[in-house]
Amino acid sequence: MAIQISLFNKKKKIRPDGLGKVTGALKYLTDLSFPGMLYGKILRSTEPHAEIQSISVDQAKQLPGVRAIVTYKDVPGLNGFGLIFPDQPVLCEDRVRYVGDAIAAVAADTIEIADAALQLIKVEYKKLPVIVDPEEALHPNAPRLHPDGNLLHRAYYSKGDVEEGFQSCSHIVEEIYELPRQMHAYMETEGGVIVPEVDGKLTVYVGTQHGFKDRYQLSRILNMNETDIRIVSSPMGGSFGGKDELNIQPYGALLALATNCPVKIHQTRRESVRAGLKRHPMKITMKTGVDDSGKILSHKVKILADTGAYATLGPAVLDFSVEHAPGPYVIPNIEIEGLSVFTNNGVAGEFRGFGGNQVTFALEGQIDRLAEKLKMDPLEFREKNLRQVDSPGPLGQKIAPTSGARDVLEAIKEKLHENTNNSHLSDQWKVTGTGVAISIHGGGLGVGRIDPAGGRLSFTKEGKIEAAFGFEECGQGLLAVIETLVMEEFKCKEDDIRIVVGDTDSVPISGSSTASRATSMVWNSIQRMKETFRDEILERASRVTDLPVNELTMGPNGIWLTDESLCISYVELAEKTLNKPLLKVETSFNFPVSPDAVVDGSHFLYAFSSVLARVEVDLLTGKVKVLDLEQAIAAGPVVSLLGYQGQIEGGGIMALGYSLMEEAKMENGAYVNDNFDTYLIPTIQDVPFVMNVEAIEKLQEGDIYGPRGVGEIGTIAVAPAIVKAIHDATGCWVNKLPVSREFLLEQMATRGEKRWV
Amino acid sequence: MGMKEHAEIMTPPKMEISLTINGTNVVLQVPPTKRLVTILREELHLTGTKISCEVGRCGACAVQMNNQLVNSCLVMAYQANDTSIVTIEGLAGEELDPIQRAFLEEGGFQCGYCTPGMVMAVNALLATNPSPSDEQIQEALSGNLCRCTGYGGIIRAVQKVITNNNQAI
Ligand code: FES
Ligand code: FES
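One line per chain: the protein sequences are D and Z, in this order.
First residue of the first sequence: 1, per my numbering; consecutive thereafter.
First residue of the second sequence: 1001, per my numbering; consecutive thereafter.
Please keep in mind that the hints were generated in silico from the structure rather than gathered at the bench.
Do not take every clue at face value.
Keeping only pairs whose Cα atoms sit at most 25 Å apart, straight-line, the calculated DSS-like set for lysine-lysine is [as the list claims (entries may be wrong)]:
| no. | chain 1 | residue 1 | chain 2 | residue 2 |
| --- | --- | --- | --- | --- |
| 1 | D | K398 | D | K384 |
| 2 | D | K159 | D | K12 |
| 3 | D | K493 | D | K12 |
| 4 | Z | K1160 | D | K13 |
| 5 | Z | K1160 | D | K12 |
| 6 | D | K201 | D | K287 |
Reference listing, derived: stretches of chain Z covered by chain D, where coverage requires no fewer than 3 residues with Cβ under 8 Å from a Cβ of chain D [claimed, not checked]:
| no. | segment |
| --- | --- |
| 7 | 1140-1146 |
| 8 | 1158-1164 |
Glycine is no exception: its CB is placed at the ideal position from the N, C-alpha and C atoms.
Chain D on its own, in the form it takes in the complex:
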């Protein structure tokens, strides 16, 4: 049986950044101001697709208080950005492809003046046909949005022979699933201050999930040396993938350079919605067949993703969907084809779950439908087809052995027993139901991708153990992870540690704070550095104190004589070794990848989740309320308890929103709901009052990779569990998110079949 811990029993540690957060004292980057600071605003396209015939800024320039206006003419370097390839213009010259495209940016003495100046900029457009549907975009006669056409990326995998497989099947389910465009809805919109320094360098105080990538992209745009740009990227008021790509940085930088003044840009919510990334809307066709005994024989998948106007990480998201289409199941015949297609809709890109959410919704939907056809218990059916400890990964690659899939299934089975339908329905027009789903989720960027990791430990002049990582604190609790791991390793106290993150001038290369990789890579870095660091510090202490090194050990406040007494404090040790070179240990390595993977981006380390959802459906209004949401997670040891629990609960509720209420609708290329008055995210009234998170900490014997990240896994299997619970309650299958009340009412009416009566 797996080691299971109750998250409430282990000591809960207070986050190092907590005090500043609960008192409001912590300065977010959008809270900063500098002497002589100007305010920037960005003019975005009014058209989803058009040629720009002229841009006139003359009138706007004359408005007193306007200090600079930049257009494409003012981009000194590459007029483009994008994490994979720079296909998005920083400032459009002759064509716009979506309503977030930037055309000009203004710096002025006040926001009001900057806003007024935007209205005085005249842009003449010649409208072009707007492509809103990815299927249309693939039509040979469709207008081409990019030189290579409208197909951003195709990903394909096959093994065995699916058609032959289907012939041996006794039951086949074929369905189309439709997933919405979801908004990240981080509470802090994009923004910060860009400051030109006296030495000609530039400091960019703007949140991002990979400071060094921003630095690289900005250096290309500004035609500056990377080392002349400093990115300060923490703290952030949430990101969830949404601030991974550049957002306002290039405009703030161009304006700061043009005016030689600090420039602040903080997007309003509407500006943020219009320009920002979203989760990919996908249409997924799945055909899955089983034999009489309940073995899945064949699985055919087609994924069509609407990537919007530009690439960003669209290709990688699609690869991830394709990889996770078989899920944690062993299936002999598989064929998966994914297409990611350009349209004139908002740009879709990186978002917590990274394409796994969509495809898992479809896959688990298939599994439940097949179980129904087989008249088999859905959990038993899953069990029958589940991967074993040593099974290859979803695309046949070797992966780190794991019993995670079975562990989460077992755990949820138990929860299901406990959660017998115990609600006494006072209302005859309400029905309840329960659903379960499971998921697998890869960590890291995957094979064939540049995915460096690393960190640095040093002993500072002030006597602090300094842990430096090139990661960002987005809110996820990175600082707590670093603090906990350093304390556990060196038995020191909070006060003995200094943590440095989110500043390219003072951190080593650690890779991105994405893909559930930061916790995992901090742990791995510390494992690689700890011995050298400990040896060296004890060696120094031994020389200073004249005590034998083998009798010394690190502990709270300083170096201890094998556990008995403090023999020298860290501060004293630092003072007495001031003339020595700084004690510094660094490591750099790559995120572990599969030795034999053939498909780019496929993974080696996986986490697993299972979800139990219980819902109540109102038969008169079609309203669905989630009564219970329980998750079991297998992701290795828990590092930071509150962080772990918070990630899973928070991810779960974000996915509840995805299931039941959230859709960033677009009509003819324009956002329909562009603020929290129309784009509704879950409030405290939409969530179960108590949620349970179970952490399965077990790793296989000999596993050297430590804790896996949990930033994404809590979002993956929630939607299919909720939808199965709705089916359990009403008998209706739902293929489209967010679940539509109208659809449910209609279905319940036409079916006339009330399983609940």
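Got chain D sorted already, so can you dock chain Z with the ligands onto it with the hints?
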């Protein structure tokens, strides 16, 4: 836009307002329609009060005005004249407020951007109702959005404050 409107953008007509902020009297010359959230954040650099939707739907900007919870993005300067405002910066004295401590201990936040508004909302609730029911907690906090926590940690924090209060009685 005419030249007159331009002039107004540059030098909008101002009024004098006088208000108490966290116990300190403040007199300001501001345009009468300037929003309280902007006054707090930009004129007074009290950036603990956050800004997120600017339409009264998220509670990130929540402060107390004459002991009432208000969204400061919806309050204009002239409405704040002669009032007493408490922001997150004014909540703790020498010691943390028990609500703040409970948020720390129970993980009532992650990114922390909703936290000042959320803490002010909890404070407003418990000031009038020291032992709210689950439904009353949900009702009172329904105007404060949190994207990170899923509200689990927030609920546990509020429950902890209530239990501690009850034990103290
Ligand atoms: S910013 Fe005031 S309620 Fe959202
Ligand atoms: S803690 Fe991030 S929004 Fe609440």
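Taking the hints in turn, this is what the structure says about them:
Straight-line distance between C-alpha atoms of D/K398 and D/K384 comes to about 21 Å, which keeps the hinted pair within the 25 Å bound. For a cut-off of 25 Å, the pair hint linking D/K159 to D/K12 is broken: about 47 Å separates their Cα positions. Distance restraint check for D/K493 and D/K12: the Cα-Cα separation of roughly 15 Å lies within the 25 Å cut-off, and the hinted pair is therefore satisfied. A threshold of 25 Å between alpha carbons decides the hint, and for Z/K1160 with D/K13 the separation of about 16 Å falls inside it, so the pair holds.
Proximity of Z/K1160 to D/K12 is assessed by CA-CA distance (about 14 Å); at most 25 Å being required, the pair is judged to hold. This hinted pair does not check out: D/K201 and D/K287 have alpha carbons roughly 56 Å apart, beyond 25 Å. Interface restraint, the segment 1140-1146 of chain Z with chain D: holds (6 residues with C-beta to C-beta distance below 8 Å; minimum three). Interface restraint, the segment 1158-1164 of chain Z with chain D: violated (0 residues with C-beta to C-beta distance below 8 Å; minimum three).
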